[in-house]
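The hints should help you fit chain Z onto chain C, whose structure is shown.
Protein chains in written order, with our numbering: chain C, 1 to 496; chain Z, 1 to 496.
Be careful, since some hints might not be right.
Some but not every residue of chain Z turned toward chain C, in silico, with C-beta under 8 Å [to be verified]:
| id | residue |
| --- | --- |
| 1 | R13 |
| 2 | P33 |
| 3 | L47 |
| 4 | F182 |
| 5 | H225 |
| 6 | D242 |
| 7 | L452 |
| 8 | D453 |
Sample of chain C residues lacking proximity to chain Z, with all beta carbon distances greater than 12 Å (derived) [what the hints assert, rightly or not]:
| id | residue |
| --- | --- |
| 9 | M1 |
| 10 | R40 |
| 11 | G71 |
| 12 | R104 |
| 13 | E145 |
| 14 | L373 |
| 15 | G442 |
| 16 | L494 |
Okay, the calculated bits of chain C under chain Z, using three or more residues with CB under 8 Å as the criterion [stated by the list, open to error]:
| id | stretch |
| --- | --- |
| 17 | 26–35 |
| 18 | 225–236 |
In case anyone wonders, no lab produced these hints; they're calculated from the structure. Cβ coordinates follow ideal geometry from the N, Cα and C atoms, glycine included.
There are 2 protein chains.
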Amino acid sequence: MRAYERLEKRFERLGNLYGALSLLHWDTQTMMPRGGAGARGEQLAALSVVCHELLTDPEVEKLLDEAEREGGLNEWQAANLREMRRSWVHAGALDAELISEFSRARSACEMVWREARPANDFAAVRPGLERVLELVREAGRAKAEKLGIPPYDALLDEYEPGGSSEKIDRLFDDFAAFLPDFLEEVLARQEREPEIPPLGGPFDESSQRQIALKMMETLGFDFDHGRLDTSLHAFCMGMPQDVRVTTRYDENDPMKSLLTVLHETGHALYEQGLPRRWRLQPVGQSCSTSLHESQSLLVEKQAGHSPEFFRFAAPVMREIFGSSGAAWEPENLYRRCTRVERSLIRIDADEVTYPAHVILRYRLEKAMVEGGLEVKDLPGAWNEGMRELIGVVPPDDRDGCLQDIHWYEGLFAYFPTYTLGAMSAAQLFDAARREEPEIMSGIERGDFAPLLDWLRKNVHEKGALRSPDELISEATGRPLDSEVFKRHLKARYLSG
Amino acid sequence: MRAYERLEKRFERLGNLYGALSLLHWDTQTMMPRGGAGARGEQLAALSVVCHELLTDPEVEKLLDEAEREGGLNEWQAANLREMRRSWVHAGALDAELISEFSRARSACEMVWREARPANDFAAVRPGLERVLELVREAGRAKAEKLGIPPYDALLDEYEPGGSSEKIDRLFDDFAAFLPDFLEEVLARQEREPEIPPLGGPFDESSQRQIALKMMETLGFDFDHGRLDTSLHAFCMGMPQDVRVTTRYDENDPMKSLLTVLHETGHALYEQGLPRRWRLQPVGQSCSTSLHESQSLLVEKQAGHSPEFFRFAAPVMREIFGSSGAAWEPENLYRRCTRVERSLIRIDADEVTYPAHVILRYRLEKAMVEGGLEVKDLPGAWNEGMRELIGVVPPDDRDGCLQDIHWYEGLFAYFPTYTLGAMSAAQLFDAARREEPEIMSGIERGDFAPLLDWLRKNVHEKGALRSPDELISEATGRPLDSEVFKRHLKARYLSG
Numbered sequence: 001m002r003a004y005e006r007l008e009k010r011f012e013r014l015g016n017l018y019g020a021l022s023l024l025h026w027d028t029q030t031m032m033p034r035g036g037a038g039a040r041g042e043q044l045a046a047l048s049v050v051c052h053e054l055l056t057d058p059e060v061e062k063l064l065d066e067a068e069r070e071g072g073l074n075e076w077q078a079a080n081l082r083e084m085r086r087s088w089v090h091a092g093a094l095d096a097e098l099i100s101e102f103s104r105a106r107s108a109c110e111m112v113w114r115e116a117r118p119a120n121d122f123a124a125v126r127p128g129l130e131r132v133l134e135l136v137r138e139a140g141r142a143k144a145e146k147l148g149i150p151p152y153d154a155l156l157d158e159y160e161p162g163g164s165s166e167k168i169d170r171l172f173d174d175f176a177a178f179l180p181d182f183l184e185e186v187l188a189r190q191e192r193e194p195e196i197p198p199l200g201g202p203f204d205e206s207s208q209r210q211i212a213l214k215m216m217e218t219l220g221f222d223f224d225h226g227r228l229d230t231s232l233h234a235f236c237m238g239m240p241q242d243v244r245v246t247t248r249y250d251e252n253d254p255m256k257s258l259l260t261v262l263h264e265t266g267h268a269l270y271e272q273g274l275p276r277r278w279r280l281q282p283v284g285q286s287c288s289t290s291l292h293e294s295q296s297l298l299v300e301k302q303a304g305h306s307p308e309f310f311r312f313a314a315p316v317m318r319e320i321f322g323s324s325g326a327a328w329e330p331e332n333l334y335r336r337c338t339r340v341e342r343s344l345i346r347i348d349a350d351e352v353t354y355p356a357h358v359i360l361r362y363r364l365e366k367a368m369v370e371g372g373l374e375v376k377d378l379p380g381a382w383n384e385g386m387r388e389l390i391g392v393v394p395p396d397d398r399d400g401c402l403q404d405i406h407w408y409e410g411l412f413a414y415f416p417t418y419t420l421g422a423m424s425a426a427q428l429f430d431a432a433r434r435e436e437p438e439i440m441s442g443i444e445r446g447d448f449a450p451l452l453d454w455l456r457k458n459v460h461e462k463g464a465l466r467s468p469d470e471l472i473s474e475a476t477g478r479p480l481d482s483e484v485f486k487r488h489l490k491a492r493y494l495s496g
Numbered sequence: 001m002r003a004y005e006r007l008e009k010r011f012e013r014l015g016n017l018y019g020a021l022s023l024l025h026w027d028t029q030t031m032m033p034r035g036g037a038g039a040r041g042e043q044l045a046a047l048s049v050v051c052h053e054l055l056t057d058p059e060v061e062k063l064l065d066e067a068e069r070e071g072g073l074n075e076w077q078a079a080n081l082r083e084m085r086r087s088w089v090h091a092g093a094l095d096a097e098l099i100s101e102f103s104r105a106r107s108a109c110e111m112v113w114r115e116a117r118p119a120n121d122f123a124a125v126r127p128g129l130e131r132v133l134e135l136v137r138e139a140g141r142a143k144a145e146k147l148g149i150p151p152y153d154a155l156l157d158e159y160e161p162g163g164s165s166e167k168i169d170r171l172f173d174d175f176a177a178f179l180p181d182f183l184e185e186v187l188a189r190q191e192r193e194p195e196i197p198p199l200g201g202p203f204d205e206s207s208q209r210q211i212a213l214k215m216m217e218t219l220g221f222d223f224d225h226g227r228l229d230t231s232l233h234a235f236c237m238g239m240p241q242d243v244r245v246t247t248r249y250d251e252n253d254p255m256k257s258l259l260t261v262l263h264e265t266g267h268a269l270y271e272q273g274l275p276r277r278w279r280l281q282p283v284g285q286s287c288s289t290s291l292h293e294s295q296s297l298l299v300e301k302q303a304g305h306s307p308e309f310f311r312f313a314a315p316v317m318r319e320i321f322g323s324s325g326a327a328w329e330p331e332n333l334y335r336r337c338t339r340v341e342r343s344l345i346r347i348d349a350d351e352v353t354y355p356a357h358v359i360l361r362y363r364l365e366k367a368m369v370e371g372g373l374e375v376k377d378l379p380g381a382w383n384e385g386m387r388e389l390i391g392v393v394p395p396d397d398r399d400g401c402l403q404d405i406h407w408y409e410g411l412f413a414y415f416p417t418y419t420l421g422a423m424s425a426a427q428l429f430d431a432a433r434r435e436e437p438e439i440m441s442g443i444e445r446g447d448f449a450p451l452l453d454w455l456r457k458n459v460h461e462k463g464a465l466r467s468p469d470e471l472i473s474e475a476t477g478r479p480l481d482s483e484v485f486k487r488h489l490k491a492r493y494l495s496g
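The shape of chain C in the complex, shown without the other chains:
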C-alpha cells in the first residue's frame, strides 16, 4: 500500500472516532442526566487522548513526508494530504505536558468564570486567565515555529487555514471606520418609524417546535440524516450522515427560536451537503470556521431576515400559533427582527453592531497573544474599545469583559471567524442572487431549492478542497472584502 493510502486508512479510523466524540458532546448538552457529568468528562478525555495518539504517532510524520514525495495524487487526494498535514501540525505542535497543563488551566479558569461572571468579580478570575494566557502564548509560539508565521496567525490557522491578521486588520479597520456614522444614521431613521405592535403570547413550546420543524423541512434539512432537540445553548453537530441541531424556546419571544433554528439549519445544510465520498477524511470536512459561520448567517441573516422570508413565514406562524393582528403582518415581523441598537452584549447584538463586538475582541486578544496587553488591563481596554466602536460603556465587567466564555476556556483567535463569516455570507448570497434570479421569489414561496442548489454546488460539495480564499474567489469572482457586506447593510437599513 502506498503511503497516501495508509494515511487514508488512519484518518478513516480517526474520522470514526471523531464521530463518536461528537455524539458524546451532543449527548452531554441534550440528554445526559446531571449526575453523569463527571463520568462523561472522563470518557471525553479518554477518547480525545486516543485520537491525539493516533494523530501524533511518529509513523504519521513519516507517512506524510513519504506521500508528499511519492506524488501522483489527484486534486482531491492532494488537498486531503494538505489537510492531513495541517491537522497533524496543529495536534503535534504542542507537547504532551503543555497539552495537559493547558487542559487543566482551562478547566480551572472556566469553573471560576462560571461564578465570577454573575458575581461581577473580574479579580477572582484574573489569576486563572493570566495562567491561561501564558499557556496560549506558549502554544502560539510553538505553532508559529512549526508554521513559520506569527503566533496569532498560527493560532488562527487552526480555524482559518491560511488566514492572516494582516488581511483581517484590513477588513476590520475598514468596517470600524464605516460603522459610527452609519450606525448614527440607522438609529436616527429607526426613531422616526412608528412603534411595532406587541406579538401577544405566551407561545407554547410545542407550537414553536412545530414551526421549527416546518422551517427546517422547507430549508431542505434531511430528517433521515438528522434531528432537532433542545439544549441550553443552541448548536449544530455534524457526525457523518447524522446532523443534529438544537435550539431553545422562549415562551415570550417566538422569534428567538425561529431565528436560532434558521441559523443552526444553515450550519446543518453545510454538513449534510459535504462530499459523501470523503466524509471521514480531512478534505471532506468544512473549508473553515468562517465558511461554516457564513452558511449559518447566510440562511439566518441574508435569507432569513429578508422581507421575502417574512412574507413566507408570517402565515405559517399565524396558523400554528392561531395568532392574528398587525404585529403578525410580514412587514412588522421584518421590522421587529431588524431592530438595531447600541447593545452591550454580543450574543444579543443585531447584524449592524455585531461586527463591532467582534472587532473589539479580535483587537484585544491579538494584543494579549502578542504581549501588548496584559490581563490586568483588560477591563479598561474593553470599556475604552466599546466606547470607541459602539458608543456605549458597560456599567460593570459582568456585561463587559466577563460576558463571553471563549477566553476563559482558552479559546483565542476564534472570534474573528464570526465576522469573516458575516462578510462571506453577504458576498456569497450576493453572487448567488446574481447567478440565480429565482432565489428571492423562491424564498417568498417557501421554495429554498434554488438557493440550496447554488450553495451545494459552490460551497458544500467542495468540502475543504480549496482554501477559504480560493473558495470565495471562485464562487463570487473576487476575494473576500467588506464592500458587499456594507452594501447589504445600507440596502437593508437605509433604503426602501
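The following block gives chain Z in isolation, referenced to the frame of chain C:
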C-alpha cells in the same frame, strides 16, 4: 508504579471507552435517525477495535503475570486482578482473523434472518447459520484451550464466570422433570377460575410514561444518574453514573410497559448500586449475566407480580388513567398478570413456562456447539423439544426456531442465564424476606427501601468481588438450586 497499578490505569482507560461505546449503542436504539446507521456501525467498529487493541496488547499479559507474582493485594484488588485476567482471556483467545471473520458472518446471517423470519424461510438462513456455528465452534475450541474446560463451558464463562454445563444440567433437568405435571395442574386450576374483565382503553402513551416514571421513582431509581426513553426493544444500559432505561408503549395493553419498566429498573438499580470506587474497573461491574437478570426478575416477577405490589399499583394506575371498575381491582390485575399458558413464543411466555423455553434452547445450542446437532436438523429438534417440554408444537419455523435473534447474530451460551437468573431471583428474594420482614408490607405501601437496602448490601455493592456461586451462597446461605424457585411457583400458582 507496580504492575497492578499500571493495569488499573489501563483498565480505567478501557472503562471510559466502554462507557463511550455504551452511549453509541444507546443512541442507536433511541435517538439516531435512520440514515445514520451506516456511519454509526463504522464508529462502533472503530471504537471496538481500539478497546480490543488496548486489552490484547502484549504488555497486558506481562503485567498480569507480574501482578500475580507481586501479590500484596487486598481482597478487592485481588478480585479485580482475577477479572482483568478473565477479560483478557476472552478478548485474546480469538485471533484477529477469526474475530473479523466472525463479525462478518454474524452481520450477514442476522441480515438474512431479518427477512427469513417473517417469510418463514429457514432454508434461506441455513447457510448463514451454518457458517456462524462453524465459527462459534472454532471460538469455543480456542477458548476451551485457554481455560482448560469444555468448549460450551468456555463460551459460557464470558457471561457466567465459573459456570458449568454440568451444574446447569442438574438444575435444568430437575426443573424439566417437575414442569409437565405442575403445568397441567396450574392450567386445570386456572380454567376453573372466573373470567377476568377487560381493562378498557386505549391508554395514551403519555399517561403510561407518567406511570412508568412514578414506578421507577418508587423503586428507588436515581434520575440524577439516569433517564427513561422509548425504543423498539426495551433495554437498560449502564454507563458509570448514568443508567438509561428504555421501554415501549402498547396503547391497548398498559400492563406491558408497566412490567417492562419494572424489569429494566431492576437492571438499572443494580447498575446504580455498583461500587462507585471501582466503577471503571472489572471488579466494579456486575457479577455475572445471570445475576444481572436476577435483579430484573426479582423486581419484575418476585416483587412486581405479587398481590402486595398490585395493591400499591392499582390505585396509582386508576388515578393516572382515570379508570375504574372490576378489572382495576388489585386482585384482577394480579390474575391478569399471572396467567399461564402453553405458548410458542419465549418473550411472551409466563413465569412458569419461560424456563422450558430456555431449557430447550440450552440443550439445542449445547448440542450444536459440541457437534451433536447440525443446523439442518434444528427445526425438527426444536419441534420435538417443544412437544416434550411445553406440550405444544409450532405450526411453522417462524414461531419455532426462527423466533429469537440470538443464534443468528452469533450469541451462543447466553440463553441459560435467563433461567439461572429466575432461580437466583427466587432464592435471593426468599432470603431477603426472611431477613427483612418489612419487605412485603413495604411493597404494599409503595416503600421499596427495605428491599433495596437488602439488595444493595447483599448484591449490588459487591460488584464482581465474588463469583456468582459465592455471592448466592453468602447472601442466601446455600448454593443456587431450583428448590426455592419451584416452591415460589407452587405458592403463587397453586395455593391461596
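Hints versus structure:
Taking 8 Å as the C-beta contact cut-off toward chain C, the hint placing Z:R13 at the interface holds, the least distance being around 5 Å. Of the supplied interface hints, the one on Z:P33 holds, with its beta-carbon coming within about 5 Å of a beta-carbon of chain C, less than 8 Å. Given the 8 Å rule on beta carbons, the hint for Z:L47 holds: about 5 Å separates it from the nearest Cβ of chain C. Taking 8 Å as the C-beta cut-off, the interface hint given for Z:F182 is violated, the closest approach to chain C being about 44 Å.
At its closest, the beta carbon of Z:H225 sits 4 Å from a beta carbon of chain C; the interface hint therefore holds under the 8 Å criterion. With a cut of 8 Å, the hint placing Z:D242 at the interface with chain C holds, because the nearest CB-to-CB distance is about 3 Å. This hint is violated: Z:L452 has a C-beta 18 Å from the nearest C-beta of chain C, more than the 8 Å allowed. For Z:D453, the shortest C-beta to C-beta distance to chain C is roughly 21 Å, which exceeds 8 Å, and the interface hint is violated.
The Cβ of C:M1 sits about 17 Å from the closest Cβ of chain Z, beyond the 12 Å cut-off, so the non-interface label holds. The Cβ of C:R40 does not lie farther than 12 Å from every Cβ of chain Z; its closest approach is about 7 Å, which violates its non-interface assignment. With a cut of 12 Å on Cβ distances, C:G71 stays outside the contact zone with chain Z, its closest approach being about 29 Å. Look at C:R104: its CB is around 18 Å from the nearest CB on chain Z, clear of 12 Å, so calling it non-interface holds up.
Interface exclusion of C:E145 from chain Z stands, the closest Cβ pair being 31 Å apart, more than 12 Å. Listed as outside the interface, C:L373 is consistent with that label: its C-beta sits roughly 39 Å from the nearest C-beta of chain Z, beyond the 12 Å cut-off. Remark: the non-interface label on C:G442 is consistent with the geometry, its nearest Cβ contact in chain Z lying 26 Å away (cut-off 12 Å). Separation of C:L494 from chain Z is adequate, the least Cβ-Cβ distance of about 44 Å exceeding the 12 Å criterion.
Coverage of the stretch 26–35 of chain C by chain Z holds in this model, with 6 residues showing a Cβ closer than 8 Å to a Cβ of that chain against a need of three. Taking a C-beta to C-beta cut-off of 8 Å, the stretch 225–236 of chain C contributes 3 residues in contact with chain Z, enough for the three needed, and the coverage statement holds.
Hint check: violations occur at hints 4, 7, 8, 10; the rest are consistent with the structure.
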